[in-house]
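Protein chains in written order, with this note's numbering: chain X, 1 to 421; chain H, 422 to 598; chain U, 599 to 1432.
These are calculated hints, taken from the structure and not from any lab test. Model, not experiment: these values are computed from the prediction. Just so you know, not all the hints are guaranteed correct.
Unchecked claim - Not close to chain U: a few residues of chain H, all C-beta gaps over 12 angstroms, as computed:
#	residue
1	Pro-438
2	Thr-458
3	Gly-496
4	Ala-509
5	His-564
Stated by the list, open to error - Calculated cross-link-like contacts (lysine to any residue; reagent style SDA-like; alpha-carbon spacing at most 25 angstroms):
#	chain 1	residue 1	chain 2	residue 2
6	H	Lys-468	X	Asp-214
7	H	Lys-476	X	Glu-345
8	X	Lys-203	H	Gly-531
9	H	Lys-499	U	Pro-819
10	U	Lys-738	U	Gly-721
11	H	Lys-499	U	Lys-686
12	X	Lys-262	H	Arg-435
13	U	Lys-686	X	Ala-322
14	U	Lys-733	H	Phe-557
15	H	Lys-457	X	Asp-66
16	U	Lys-738	H	Arg-527
17	U	Lys-738	H	Asn-541
18	U	Lys-1357	H	Arg-544
19	X	Lys-320	U	Val-685
20	X	Lys-376	H	Arg-544
21	X	Lys-217	H	Leu-463
22	X	Lys-80	H	Leu-463
23	U	Lys-686	X	Ser-375
24	X	Lys-376	U	Ala-603
25	U	Lys-686	X	Val-119
26	U	Lys-629	U	Ala-603
27	H	Lys-499	X	Glu-345
28	H	Lys-499	U	Lys-733
29	H	Lys-457	X	Lys-320
30	U	Lys-733	X	Leu-323
31	H	Lys-580	U	Pro-819
32	X	Lys-376	U	Gly-826
33	H	Lys-468	X	Leu-150
34	U	Lys-738	H	Val-528
As the list claims (entries may be wrong) - Non-contacting residues of chain U with respect to chain H, defined by C-beta distances greater than 10 angstroms in every case (computed):
#	residue
35	Glu-823
36	Ser-1015
37	Ala-1080
38	Ser-1153
39	Ala-1189
Every residue, glycine too, gets a C-beta built ideally from N, C-alpha and C.
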Amino acid sequence: MSTDVTRPASEYRRMEESITMAPLEPVETGDDVNHELLTLNMGPHHPATHGVLRLLITLEGEIVRDLKPIIGYVHTGIEKTAEDKSYWKAIPVVERMDYLAYFFNAYAFCGATETLLEVEVPPRAQYLRVIHLELNRIMSHLVWLGTSALDLGAMSMFWYCFRDRELILDLFEQSTGQRMHTRYIQVGGVAEDIPRGWASKLKQFTDQMPSRVDQYKDLLANNEIVLQRLRGVCPLAEEELLKLGVTGPLLRATGNPWDLRKATPYCSYDHFDFKIPVGTEGDNWDRFAVRVAEIYESVKIIEQAMDGLPEGAWMTDDRKVALPPRHELATSMEALIHHFKLVTEGFRVPPGEVYFPIESPRGELACFVRSDGSSKPARVHMRDPSFVNLQATAPMTEGSYIADLIATLAMLDPVLGGIDR
Amino acid sequence: MSWTPGDEMLVVQRASPPGAAGGTYRAFGETLRGLKTTMSRLVEGPKTISYPEEKVPVYPRFRGRHRLHRFEDTGLEKCVGCSLCAAACPADCIRVVAAENTPENRVSAGERYAAVYEINLARCIFCGYCEVACPFDAITMGHDYEMSAYNRTDLIFTKEMLLDEPLERTPLRGEGE
Amino acid sequence: MPRPAPDTIAFTVDGLEVNAPAGMMLADAAKLGDVEIPVFCYEPKLGEPVGACRMCLVEIEGIPKLQTACSTPVRDGMAVNTQTARVKEAQEAVLEFLLINHPLDCPVCDKGGECPLQDITYGWGPGRSRFIEPKRHFVKPLALSPLIAIDRERCILCYRCVRFSQEISEDYQLVLQERGADSYVSTFDGHPYVAPFSGNIIELCPVGALTSQPYRFRARPWDIEGSGSVCLGCPGQCNVEYTVRDERVLRVLSRQHDGVDDGWLCDRGRFGYQSFHVDERVTHPLVRVDGELIPVAWDRALDEAAAALGGAGSDSGALAGGKTTNEEGWLLQELFRGALGSPNVDSRADGMLPRELHAALHAPALQATVPDLEFAHAVLVLDCEPVDDQPSLDLRIRKGVRRNGVKLAVASSRPSSLDANAAAVVRYAPGAGEAFCAALNGALGESDAGPGSATRKGVVEELAEAAGADADAVRALAAVLADAGEDVVIVYGERLTHGARGEDAARALLNVCGRVAEAGHDGAGLLEVPAGTNGRGLREVGVLPNAAPGLAPVSPVGLASAELGASAAAGAISALYLLHVDPLRDLPGRATWRAALQRADHVIAHADFLSEGLWEYATIVFPAESYAEKEGTITHPDGRVQRLRPAIARPDAVRAEWNVIADLSKRLGHDVSVLSGAMASARVFEAIPFYAGLTLDELGGRGLRWPARPAAAGWPAADTGPFGLETPPHAPTPNGALRLGTFRSIWAAQEVEVAPALKFLRQRQRAELHPVDAERMGLAHGDRVTVGSNGSRVQATVVLRSGVPEGSVFLEAGIAEESASELDGGGLVEVSPQ
């Protein structure tokens, strides 16, 4: 292999060289020890980065002096792809961004589209959406809890969390036909009603979930190692977080009760009685505790929604948006034509633009859709909370130990599918 | 942020600081408490199964490999090659080329039939929109999920492959199970 | 006739103030305010609206009942509402009625996805049905013709197809049978609807009732891509859109261009695309080895061609057929004039016209455009049959006559399909165009000089007799032209200027033109119907023996095609280069050309099919691109430079032809430095003064008329007459024999013979006779006869036509077997029963 550095730089090399690190000077300590700065590449294939994230870290000994997250390794061009699909066909596509919050992705997109269309979503569909969204939130938190605990060295937590997650995925499979990327939420409602027997299975789950979370807390909350790794580690002030646009559990850990489900209730969230867990210090411990507490609240919401599930349609009866019932396809010309047009071309959305924010497990997930009046969105943009929150990594970890960086990254809960999109 | 939720806020309980005297207690007491959880879960027994000898049963709504169907009485294909599935597919993995039925070569019930019907399962995202789009219930999402192959081209399923009964049926759960 | 320039009025639609031309129909005017009113039966191309479908009902303030927007002209201050509850109710009711009898065919229907009925139902219709009773049934599917399938259950009785047949193509074949719910579209007696323009009804049909047989079930709208280009089938150069799926053209649609085609296509252009994808196509370079053409690598074919041409030097000649683009033509003359030093290049079929006459006939001041035909006071169709030679003109002339009262005069030897629309018709002897022009000139001069000028009177009689025409008919025709007004357009066939006396005929034509059309007056002048698609463009880029690019003078002057044939037959030409032309098929004088091809050492051809002459005599054949694969420019007879854009990839080893010619040129030491199609176009625009400054971007999808650009000043000045002329020769007297007239019908084309859908239209030779002549010879309709002259013979079937002038027989040229070009002699033939 040639090592000739005079060759014209490749595109990749130019990009690499464009990464500028803070101009850091070794600290003069006066002793003889040579405090040389070390630049360390962490990732993109590192188990603790929870995806394909690369961190370029400048270390002084074990202290993190500077950090640059480098993203884009799983960029899939989903936003652009969605512009080439009709709204209906874009749903399973945008669903695949944040792969732990697929119901949220789908709901943000469908909610934005419904706002532009001014479609009424029937109450049953809204409740079914809430149930699935909250199940998804629990599922996402379980994955976070299991993998984070793994990062901190707690192996069995991972198995416990994934076993409970399996119960949720089973529920998803039963009601939507797929464990992940379910395309259950559709514009105007949900794809199908819940099947027979699902309610009782859900009840089993909601009955047992709080005790399971109690067990997890038993395992972790007062564990000395966990406390050593989390409590008082890498806090960041509320103002700093707000400046960076950080939302979700990270912001709530500082005591700011910003939760869109309460602040701007959507999808009948105002029908349910639940609380917003907040922290006080904004350190890793609070981030951990807030998420764990959220699982209890989600269970409460699901129970209330299931008890109060209204009867009726689960899809809007607007024939210009919703597919006609299948049995009409064999007898009704109008239904057949509407089916044909909706499937092939899709409904047209009045021109306009909308920003539709919802509270995802990681914070404010919003979908921006601009319509030019055609049947394909002119622009789809997702404000993914992981992407915004990731910016807080450097201010959180500067001056901390590299081991604390791992814990902080775990508590940050970034999902690279959502960051890179 | 001026918004305050009032009493709908729940301040999480803060753990005591690590180290110090409590630390010694926690190193033993809390670890034992954790061990209690571990021990109690131990008796639950394993939840894993011996795949592939055993298979995870799927629910009726599970969307696995597609299947094309025939009419049971006449044996004619239900698919008329209308391409609605291809139009609905967000992954563009379906290719349909239609042709006309003749009295000598009658394949489907209507005027046209699918001369070529291919699904590229390497591309398919199993959203089931094809099933939704089909006006004749000719294509449905089956229950098979074992679709690995050594070669990408082997994942392009032709009409004959999709019409055939799958070799091994995946176990199915009842709706309420 | 000046084009209508209506006043602008203001009206409101849904509360929005909109300006529109007065008299515009509401359905169109509302679009100016971005309001769409759904229509089914309304199609402005079809002329007067009929208001049959009732889909376009709107509420107009001050009128108690709902009105049809398609047949209500806008008036100043009109207030229109399209969104009120009454309108919605009416729209839903109309659609509900239409859907009651519509079969549930969308999944199998070819129109599905591009169907106005679907679109309008989805856009304006109800979402639910109330109708549960059985629907009306017809037998289906049926073939309305081998090209068109009809499904009567799907028909919504909008009358569009019937109106097309009755009022646009005027073939009067389609009618609506029965009444009420039993109504259906069919031909009157149930025979297949075969007509030159029948395919247009497929595009007109707003539902899936009329669908294309060749396109049947081939693709869905979401499977395909549209690719705009220009049809190279005839000089009409209609703008088309190819429907492409998997690198195959599956359909041809019209890409409406009012300046060229008015949105119609003939069936040859519409269905001929099948010839791009047949097995007969040449897709590899071929070289003749031991009497057989075998496929070889490009290098070998090019090397051998270069060696052959290099060896022949100036003893070589090239002919370019009508499908040659401007770029290929220019490169060809570069190859011959530049690399070989041979002046023998030609693109005309017969004879040589002096440069000045080319310049005069096409002078921008005398150039009429296609839309001029629609708005002229009078149109003279001279020595051509538009429906065969340039079909789009036929519809344009009919439109002018029907809608704008254009006075039509037809002068030809063979009866024309436009005769019925004409105010005056003159039949003259085949080949006597020059004499007719002289007679017409005389008659026009007579009326100029005042009636009863005795000396002139005798002259007209004399000339009319020479032309074999009736002097009174010539006078009547002259009167039509003289009295109509100042906008007179003469549409003449290039064949008028063919042959040894072509020069005199051209001068006679210019004399006539000088009398009826003022030079420089917009809306009047000459419009040529060239023999080949790009006939005009090829002359302008210098594929003429006596003119270089831009009609610049050359020295020495080369041999014209007929002389080249004779010279080659005599052994003086070593290499012949045939670009998209088979002399045996496309040129007169078959016997001479057969000898020429046989005698020449090398016959190098570009061809997509091996027609007879190439199959037997070509030594090297380069595969030619189909016109959906070509890139380049062509020039419309009215001077519009249009751009060809490739729709599909070239199959197998086929290479771009500009590239092949440029490569040959380079191998022969004349590097023209053309590396891309765009570079070739740029070189052409550079080389021709009156194209100066054109760019491909400027041409865009609609083309550009160069005579309307400032650079037209670069056109060589020429004397446009009047000319003093000698007396034209007398048409041969039959004396028992018959005068031979030839024609090339719309179906006499290679693509008709190879395209599976069009094969049923393949032409067989027929002898068109006047019944009196037939009776004299004891022949009846359908008899087989032998037509002979000077030892050459052609077999034909007798067809009796009362419009054929007595003493003449018409045979078809350009067909695969028994072509009229087999016959040569003094224009007289013997017809004898077999």
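These are the hints, each one checked on the structure:
Interface exclusion of Pro-438/H from chain U stands, the closest Cβ pair being 64 angstroms apart, more than 12 angstroms. In this structure Thr-458/H is separated from chain U by more than 12 angstroms, as the shortest Cβ-Cβ distance comes to about 56 angstroms. Every CB of chain U lies more than 12 angstroms from the CB of Gly-496/H, the least distance being 19 angstroms, so the non-interface label holds. Distance check on Ala-509/H: its Cβ comes as close as 10 angstroms (rounded) to a Cβ of chain U, failing to clear the 12 angstroms threshold; non-interface status is violated.
At roughly 26 angstroms, the least C-beta separation between His-564/H and chain U is larger than 12 angstroms, which holds for a residue marked as non-interface. Proposed proximity of Lys-468/H and Asp-214/X is supported: the alpha carbons are some 21 angstroms apart, at most 25 angstroms. A C-alpha spacing of about 40 angstroms is found between Lys-476/H and Glu-345/X, which places the hinted pair above 25 angstroms, so the restraint is violated. A threshold of 25 angstroms between alpha carbons decides the hint, and for Lys-203/X with Gly-531/H the separation of about 48 angstroms lies outside it, so the pair is violated.
Taking the CA atoms of Lys-499/H and Pro-819/U, the gap is about 22 angstroms. The hint holds against a cut of 25 angstroms. Straight-line distance between C-alpha atoms of Lys-738/U and Gly-721/U comes to about 28 angstroms, which puts the hinted pair past the 25 angstroms bound. As the CA atoms of Lys-499/H and Lys-686/U are separated by approximately 38 angstroms, the hinted pair breaks the 25 angstroms bound. A hinted pair counts as satisfied when its Cα atoms are at most 25 angstroms apart, and Lys-262/X with Arg-435/H qualifies at roughly 24 angstroms.
At roughly 21 angstroms between alpha-carbon atoms, Lys-686/U and Ala-322/X fall within 25 angstroms of each other, so this suggested pair holds. At roughly 20 angstroms between alpha-carbon atoms, Lys-733/U and Phe-557/H fall within 25 angstroms of each other, so this suggested pair holds. The straight-line distance between the Cα atoms of Lys-457/H and Asp-66/X is roughly 42 angstroms, outside the 25 angstroms bound, and the hint therefore fails. Of the pairs offered as hints, the one joining Lys-738/U and Arg-527/H holds, with about 16 angstroms between alpha carbons and a cut-off of 25 angstroms not exceeded.
The suggested pairing of Lys-738/U with Asn-541/H is violated, with an alpha-carbon distance near 35 angstroms, which exceeds 25 angstroms. The hinted pair formed by Lys-1357/U and Arg-544/H fails the criterion: a straight-line CA distance of about 42 angstroms is larger than 25 angstroms. Straight-line distance between C-alpha atoms of Lys-320/X and Val-685/U comes to about 18 angstroms, which keeps the hinted pair within the 25 angstroms bound. For the hint linking Lys-376/X to Arg-544/H, the alpha-carbon distance of about 22 angstroms falls within 25 angstroms, and the restraint holds.
A C-alpha spacing of about 18 angstroms is found between Lys-217/X and Leu-463/H, which places the hinted pair at or below 25 angstroms, so the restraint holds. Proximity of Lys-80/X to Leu-463/H is assessed by CA-CA distance (about 49 angstroms); at most 25 angstroms being required, the pair is judged violated. In summary, the hint linking Lys-686/U to Ser-375/X is supported, as the alpha carbons are separated by about 22 angstroms, within the 25 angstroms threshold. About 40 angstroms separates the Cα atoms of Lys-376/X and Ala-603/U, which puts this hinted pair outside 25 angstroms; it is violated.
Between the alpha carbons of Lys-686/U and Val-119/X the distance comes to roughly 20 angstroms, so the proposed pair stays at or under 25 angstroms and holds. Using a Cα cut-off of 25 angstroms, the hinted pair Lys-629/U and Ala-603/U holds, with the two alpha carbons roughly 19 angstroms apart. Distance restraint check for Lys-499/H and Glu-345/X: the Cα-Cα separation of roughly 24 angstroms lies within the 25 angstroms cut-off, and the hinted pair is therefore satisfied. Pair hint Lys-499/H plus Lys-733/U holds up; C-alpha atoms about 23 angstroms apart against a cutoff of 25 angstroms.
With a CA separation close to 58 angstroms, the supplied pair Lys-457/H and Lys-320/X exceeds the 25 angstroms bound. For the given pair, Lys-733/U sits about 24 angstroms from Leu-323/X by alpha-carbon distance, which is consistent with the 25 angstroms threshold. Of the pairs offered as hints, the one joining Lys-580/H and Pro-819/U holds, with about 22 angstroms between alpha carbons and a cut-off of 25 angstroms not exceeded. Of the supplied pair hints, the one linking Lys-376/X and Gly-826/U holds, its CA atoms being roughly 24 angstroms apart against a limit of 25 angstroms.
This hinted pair checks out: Lys-468/H and Leu-150/X have alpha carbons roughly 20 angstroms apart, not beyond 25 angstroms. A C-alpha spacing of about 18 angstroms is found between Lys-738/U and Val-528/H, which places the hinted pair at or below 25 angstroms, so the restraint holds. Even its closest Cβ contact with chain H, about 14 angstroms, leaves Glu-823/U beyond 10 angstroms, as expected for a residue assigned away from the interface. Every beta carbon of chain H lies more than 10 angstroms from that of Ser-1015/U, the smallest distance being close to 35 angstroms; the non-interface claim holds.
Here Ala-1080/U stays apart from chain H, with its beta-carbon at least about 58 angstroms from theirs, past the 10 angstroms limit. Here Ser-1153/U stays apart from chain H, with its beta-carbon at least about 59 angstroms from theirs, past the 10 angstroms limit. The Cβ of Ala-1189/U lies farther than 10 angstroms from every Cβ of chain H, with a closest approach of about 47 angstroms, so its non-interface assignment holds.
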